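Visitor: Letter by letter, the chains look like this.
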Amino acid sequence: LDAQWCKDVHIRFFVGGAEGDAFGTIVYNGAKQAAADLGPKVDYIFSQWDVEKMVQQLREAVAVKPQGIAMMGHPGDAAIMPLAEQAHKDGIKMMYQNVPVPTVVAAFGGGYVGAQQEQQGRALGAEAFKLAGLKAGDKAIMIGPFENESRGARERGTVAALKEAGVDVVQINSQTEWAADPNLAIPPITAALLNNPGVKAVGYPGGQMLGNVATYMQAAGRKPGDIFNFGFDTSPQIVEAFKGGWVQLTADQQPFMQGYLPILSLCQQVVLGLAPMNVDTGAGFVTPQNYEIVSELAKQALR
Amino acid sequence: MSKAMEPDLQTPLGRTSGQVGKEWSHPSNHWLRGFVLDNRASLGTLAVFIVMMAVFMIANPTVFTTWYLYSSVLTTLPVALFVVVPLVFVVTCGEIDLSFPATMGFASWVFALVVQAGYDPFLGIAAAVVTGTLLGFLVGSLVVYGGLSSLIATLGMNFLLRGLIQIINEGKSTSLSSLADSWAYKIFSSQFWGIPVQIFWAIAFVVFAALLYNRHRFGAQVKVVGDNPDSAKQMGIDVKLVRVKVFVFTGIGAAIAGTFSVMINFTWWPTAGDGYLLPVLASVFVGGTPTWGGIGTVVGGAIGAVTVSFIQTGVVAAGLSGFYVQFFNGLIIILSLLGHKWNQARYR
Amino acid sequence: MSKAMEPDLQTPLGRTSGQVGKEWSHPSNHWLRGFVLDNRASLGTLAVFIVMMAVFMIANPTVFTTWYLYSSVLTTLPVALFVVVPLVFVVTCGEIDLSFPATMGFASWVFALVVQAGYDPFLGIAAAVVTGTLLGFLVGSLVVYGGLSSLIATLGMNFLLRGLIQIINEGKSTSLSSLADSWAYKIFSSQFWGIPVQIFWAIAFVVFAALLYNRHRFGAQVKVVGDNPDSAKQMGIDVKLVRVKVFVFTGIGAAIAGTFSVMINFTWWPTAGDGYLLPVLASVFVGGTPTWGGIGTVVGGAIGAVTVSFIQTGVVAAGLSGFYVQFFNGLIIILSLLGHKWNQARYR
Amino acid sequence: MGERIIELRDIKKSYGQVYALGGVNLSVDRGEVVGLIGDNGAGKSTLIKILSGVVKPTSGDILVRDKPVNGWSAARSRDAGIETVFQDRALAVQQTIVRNIFMGRELTGSMGWLKVNKEIEEASRLMREIGFTSKVFTPHSIVGQLSGGERQGVAIARAIYKQAELIILDEPTTALSLTETAKVFHFVRQVRASGRSILFIGHNIHHVFDIADRFVVLDRGKVALTADRSEVKSAEDLINFMEDVAHPGGLPGLHDGAEQRA
Amino acid sequence: MGERIIELRDIKKSYGQVYALGGVNLSVDRGEVVGLIGDNGAGKSTLIKILSGVVKPTSGDILVRDKPVNGWSAARSRDAGIETVFQDRALAVQQTIVRNIFMGRELTGSMGWLKVNKEIEEASRLMREIGFTSKVFTPHSIVGQLSGGERQGVAIARAIYKQAELIILDEPTTALSLTETAKVFHFVRQVRASGRSILFIGHNIHHVFDIADRFVVLDRGKVALTADRSEVKSAEDLINFMEDVAHPGGLPGLHDGAEQRA
Ligand SMILES: Nc1ncnc2c1ncn2[C@@H]1O[C@H](COP(=O)(O)OP(=O)(O)OP(=O)(O)O)[C@@H](O)[C@H]1O
Ligand SMILES: Nc1ncnc2c1ncn2[C@@H]1O[C@H](COP(=O)(O)OP(=O)(O)OP(=O)(O)O)[C@@H](O)[C@H]1O
Ligand SMILES: [Mg+2]
Ligand SMILES: [Mg+2]
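Residue numbers (this note's numbering), protein chains in the order written: chain F, 104 to 406; chain A, 3 to 350; chain U, 3 to 350; chain Z, 4 to 265; chain L, 4 to 265.
If you are wondering where the hints come from, they were derived from the structure by calculation, not from laboratory data. Note that the structure is a prediction, hence the values are computed from the model and not measured. Just so you know, not all the hints are guaranteed correct.
As the list claims (entries may be wrong) - Residues on chain F that point at chain U, a partial pick, calculated with CB under 8 Å:
#1 E122
#2 G127
#3 D271
#4 N276
#5 E280
#6 A283
#7 L287
#8 I289
#9 P291
#10 A295
#11 T318
#12 A323
#13 G324
#14 E343
#15 Q371
The C-beta atom is built at its ideal place from N, Cα and C for all residues, glycine as well.
With the hints as extra help, turn the sequences into a complete structure.
Guide: Written out as structure tokens, the structure is:
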């Protein structure tokens, strides 16, 4: 194979979130790296996590007939199904990220790269229960975009796992503005901590907020280690927070891989005729013991 | 303009009986010039659209010759059209309505509930339209009879209604796969000769609304009320009722839009409609309806919606990354405003 | 009101020389009544705030006696205050500015660049303020000299500027850990007796702006221009310049707000500022500044910002899930508008 | 004179605590020109707003052709054949001449659709009737492009449409020049000649004296004088009467200068 | 008469293709009252807008105390001691009386901060000076709460502030009653007595005749007549002259009715 063996392939890649959010940026960088390594022409699409918009963008993506599309699974099986059918008819290879769409994949094929949301959430819940030394009857707070079923599936999983272990979980629905500026969440989080004084652990939905834990804790008058803070993703801010002892656990869903692998797989499908990849990127947990490994990568927005 | 200032009115009335037989004639003797003058705003919008598309096409000719690209835009464009058009009425009437995204969400929620409960989708559509009507009436009454600023009050209502949806659904979406086999789907959401049928409905709606605007008492009264409410009141027009009616019209439009959106996606999300706030607003003003009320253009608004729909598609198809979409959104809005400004006189 | 309609003007001038010595007296002989009358709007806002807090406190008394709750609000509130206050000037002037979120992002980006390059944060602040000034001037000139509707044109500029930030940064954030040790941080963002110092700066800004509004030529001219631009022009006021100035003021406020936001958590995001659009707008109007221009209240706007900041906190503290936040946002906006409506007469 | 078109009996109107009208009787017969005069704030405009149904009186009765009516409104007033040219803000300046003429009573066919051609014909006829013969403007011209006098013409055309029986003109000549005032006066006579009635409100007593058959002087919300033309010798009489009413001790100012010089 | 305060030489002004003024000469001397009359659209308002610097002339010279000036503007005009009460929209109705009086020339100390107490004192003095003695209102009262006459009073107080040398009144008595018209006329005499000049624009020729020392008649953008009081015998003379100018064949309408009756 040549260095740029995928050079003539055209791919549409759904980055997902808002331009510039912590998670999306790493996914974007992963995809760009893949494009640089393999040589395909990639169009990048942002949706502000608006599911209706994503469906329309997918419709347009199918219309321009690229060889491959890497789509976010958020709109769910029912919404994606007709378009997947169209793509299948037109011979467009599909990859799905971040949220699995099993019915669609079963019907029209395609691979999946990303954590199994629900499972990853559950795993994080179980891990947090263990590492934080929680007992049945303890109290924990879980923040998440519960207003969006598929985006909130992961956090719902964590809640479920903790509840099954007997933990009393308070759910706080995150506001869309918090993703743009996590400082806006300082007062509500303080209020939640004050309202639930016995809370032992707090879970956060994504990189932007988890990276801001030090600020939240200081605002609420807590010291490092008072509360077991955990969540998803890595970023330079999260690494700093580990360093400072503010954050104890994060489930790294390796967003870089979620960018890189779908493009690699699409290239393999188109050029080499390989079967689509199915990769669970939600393997790793970062803890105070191992955070240094990811620190340099995080700084380059690669992990 | 020049003759307007020195009218031929020096001879007082009664003396002019000799000239009474003369007929009116249009200021321009050529029909084309008259047509252009009467439709300046919408033609201006069309020009913006054509220039924009030309730029995109030059950047990537092949993509823009694919019919699928257009057909994909034509599938969801109708959703925007069903709200842009009533909003032209609202803005002409001197008001604004920022609550339509929540109304879309609310009405389509009712639709989803009815369909999920196993009733016929037609019944669901009827229920959604009734919901939209009631919500429009609620919002309109609050603004008009409460005497509130529509900009802020409708923003508040948007929060309030969306909040209600969220509180009750706790984020759960509803998927309606059964829809695909229904008659309603075939009539409202399938394809016909490769063309999405939605667009036929939307075009019918735009034509109907354009007639309503230009050839119906309702449109005439909306314009007069937006232009000079005191005068309208003195002439016996129920100004408040007309104002409430435009909000009701928007409610109905939003309900249809929401239902169409659900039928496209087979899924109802608690956030349904939220993404339409800014593009729809932008469409109205890119379309050439000014903010000060009294005048506007339905067809221009529709062309504005087409323009706004194609920005994102065009940017990506032209090979620019998604990061450029916002920039072009802003650019098109500013350029259109400047164009209309230069193209339109404001009389007082 | 009653006497206003039958003035004591029956005696034409010249006959009244006998009475010339008499002194003016305030309509109310009691100073408290006068104070209340002069500050109706801001006192109304305060009442809304107090009622809201009372409801929350009854729902959960313990949380609201904890200082941390207040200190956490006081950390983020200043960011909003630095934009709410200039926006009161803009709205009083009969305009609106929706471009401040992008200005916040742009100016704080410049701050981040300067600090990252190793220069003193004070230099960064200066550079950010200069950026904000220039952007405010750009937006203001476009609206004022281009004669565009500020609602739509500033919305367009917000897209355009944010698009530029996105295109250049491709989503990358900048982390500025070194800030924590700087003098600028100690002065602008640390704690003093457990109180976040930001709030002192914000209060100083509000007081300064309130004086500017009520006791300075600038404020006087802003009100007159918003009230009756024709008259202002006839009296030799450069109406356009005053309008541009309010946009520049907003640009400066947004720059300071953006910088403060970055100093709270040492990170700049390409989305910085975006989250403030709706809460800040709501604050201005919840605060009692009407949309029609000519009057307004800086202190009311500040209280409005406090109210809006406490909605989320209060909902969470009262033990409701976040789903209720939007609902309460809407409810407070509507109730405030109704309250101010009843509280405020509009003269023409 | 002829039939009584409208009669107001003991009409009172208060805005909050301000009494704008404190019990006014007024009637207009077919074919007569009534001149309503009075100081600023005397209540003239309030009275005609009540006549035209725009403002509801606090108390009092309204009789149309000697029959009391309930639920008086702007629409009822127009149905009764009363048309009003208001003091200001009478036209929607961004709309066409047609739209202004048919404002509030659009010519519609079934389902409220406009009869566009009929409207244009009628508008042309009306405009010609009042001598609006400029070839530069068509019924489609925007009112904002017209001069002040032409705009007044549109308002008058709107009022004479449908053979109104009573036309109310609230200070129609304020800020008009002699030439244009003359037009309005000529029109008033045309209308009277066609057997219709006119209620003419004005400040310039000379003008009102020239044209009216009967004078009603309002003062602070009350009728201070009702006099037939035959009872008043000259405009000066009327002026003196009004000055006496307003200032029993004599009115300073207005004629001082002339007297000093004379 | 005294010193020449301002002089306009061959002033032309066109709006697009419309000539509002086609070469006008006008001067005002110290202590005289000039009455400017003319039909609607004759260009009176345009002329005084040029005098007050609000509108720039297309061509022509402006001389202040016999010295030509360049860069004439609203600010320069006020510096030269010219104050104008415009035909309409003169006040910001949601603001206090003080703010209206000092609009555009706020009394400021260092850095532009207002001298609040000084402003109140001065406002009180001015309002008393023009006879605004109601105890219901203070300088803090909102202008929107005042009656039309009282609002005119605020506009006049604003004009006489700073001992202006020339006060321009553009139809100050339109829509004012006799009582209130009298007030304005009395005031005009007060101002003349104090040695200041006045340029009085009006439609009512009787009124203007009563008060002016010199008459300037504008017709379609040109000066049709300039006459000293001594040259004109009566108001009727002036009226006849204007009718001749406007309609060389005689003006129909206005006096028809009276003649028919006589
Ligand atoms: N909407 C209103 N609210 C309160 N007071 C009002 C209102 N309209 C009129 N008034 C008051 O009622 C009284 C009568 O006013 P009106 O306008 O009828 O007088 P007018 O005789 O028409 O005066 P003008 O000669 O100035 O037109 C005045 O004192 C006026 O201030
Ligand atoms: N801003 C403008 N744009 C275009 N034409 C104008 C403008 N202002 C005035 N004109 C025109 O200039 C001419 C003179 O107008 P002007 O207002 O000076 O007359 P006037 O003598 O004051 O009339 P009036 O007695 O009605 O106050 C008129 O033909 C008018 O239509
Ligand atoms: Mg009146
Ligand atoms: Mg004039």
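Visitor: With reference to the structure, classify each hint as holding or not holding.
Guide: Here's how the hints hold up against the structure:
Checking F:E122 against chain U by beta carbon gives a least distance of about 4 Å; that is within 8 Å, so the hint holds. Taking 8 Å as the C-beta contact cut-off toward chain U, the hint placing F:G127 at the interface holds, the least distance being around 6 Å. For F:D271, the interface hint is violated, since its Cβ never comes within 8 Å of a Cβ in chain U; the closest pair sits about 13 Å apart. Interface restraint check: F:N276 against chain U, minimum CB-CB distance 3 Å, threshold 8 Å, status holds.
Checking F:E280 against chain U: minimum C-beta separation of about 3 Å stays under 8 Å; hint holds. Proximity of F:A283 to chain U holds as hinted, the smallest CB-CB distance being about 4 Å (cut-off 8 Å). The interface hint given for F:L287 holds, since its Cβ lies 5 Å from the closest Cβ of chain U, which is under the 8 Å cut-off. For F:I289, the shortest C-beta to C-beta distance to chain U is roughly 5 Å, which falls under 8 Å, so the interface hint holds.
For F:P291, the shortest C-beta to C-beta distance to chain U is roughly 4 Å, which falls under 8 Å, so the interface hint holds. At about 5 Å, the closest approach between the beta carbon of F:A295 and any beta carbon in chain U falls short of 8 Å, and the interface hint on this residue holds. Look at F:T318: its Cβ gets to within about 5 Å of chain U, closer than 8 Å, so that hint holds up. Among the interface hints, the one on F:A323 holds; its C-beta lies about 5 Å from the nearest C-beta in chain U, closer than the 8 Å criterion.
Look at F:G324: its Cβ gets to within about 5 Å of chain U, closer than 8 Å, so that hint holds up. The beta carbon of F:E343 is positioned within 8 Å of a beta carbon in chain U (closest approach about 6 Å), and the interface hint is therefore held. The closest approach between the C-beta of F:Q371 and any C-beta of chain U is roughly 26 Å, which is over the 8 Å cut-off, so the hint fails.
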